[in-house]
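Asks: Using the sequences and the hints, build the whole thing.
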Amino acid sequence: MRSGRGAWKARCTICVKRKDHFEARLTVEQPWRSSSLPSLGVTSRLRAVSLRVLNSELLHPCAQLAQAQLDAYNARDIDAFARVYADDVQLIDLSTGSIFCDGLEELRNRYGRQFSEHPQLHCRLVSRIVCPPFVIDEEDVSGLAVNGNVHAVATYECADSKIKRAWFLREVSQ
174 MRSGRGAWKA RCTICVKRKD HFEARLTVEQ PWRSSSLPSL GVTSRLRAVS
224 LRVLNSELLH PCAQLAQAQL DAYNARDIDA FARVYADDVQ LIDLSTGSIF
274 CDGLEELRNR YGRQFSEHPQ LHCRLVSRIV CPPFVIDEED VSGLAVNGNV
324 HAVATYECAD SKIKRAWFLR EVSQ
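Its first residue numbered 174, the sequence shown is counted upward by one per residue in our numbering.
These are calculated hints, taken from the structure and not from any lab test.
Label pairs and their calculated CB-CB ranges:
no. : residue 1 : residue 2 : range
1   : Leu277    : Pro234    : 11 to 21 Å
2   : Ala253    : Gln293    : 11 to 21 Å
3   : Phe273    : Pro306    : 13 to 23 Å
4   : Pro234    : Ser346    : 25 to 35 Å
Pairs of lysine to aspartate or glutamate residues, derived as EDC-like cross-links and limited to a Cα-Cα distance of at most 20 Å, are as follows:
no. : residue 1 : residue 2
5   : Lys335    : Glu278
6   : Lys335    : Asp250
7   : Lys337    : Asp261
8   : Lys337    : Glu279
9   : Lys337    : Asp244
10  : Lys335    : Glu279
This one's a predicted model, so the numbers in the text were calculated from it and none came from an experiment.
For each residue, glycine too, the CB sits at the ideal point set by N, CA and C.
Replies: So this is what it looks like as structure tokens:
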């Protein structure tokens, strides 16, 4: 994106959860010129900018929705979980492109059953990328698969203060 004469503005936030807080892997948001990139001074300035952008990104409504649904999932609270999803939500298996959950009623039935059948269900957030209106979470889910954890990537699309669509890639680890 162009910002001022001869300067470009780049932005990307990648977050990693470490114990009880998030750390930035890479965050860039400032005008830069290609001639200034090799400068070590740019790197140190970017580091200071990273912390400010990271904090604002984590407070973004899309990130808050993703976190609210994760917290409700771990509490196995179907009402709180469903509250963040749109009435016409679609959950999509990214590997096949097929919709495996269509609408809020189906989401409540599917996840309500899952919450009651798997009392040890827990999702650990590995990393989060916030790129509004999307939030991309890397997750490790335990208590669901019989022979191991499920490693998943979930991409949430937010609209009108709700999660409108979500795409999932899953891999069961032994």
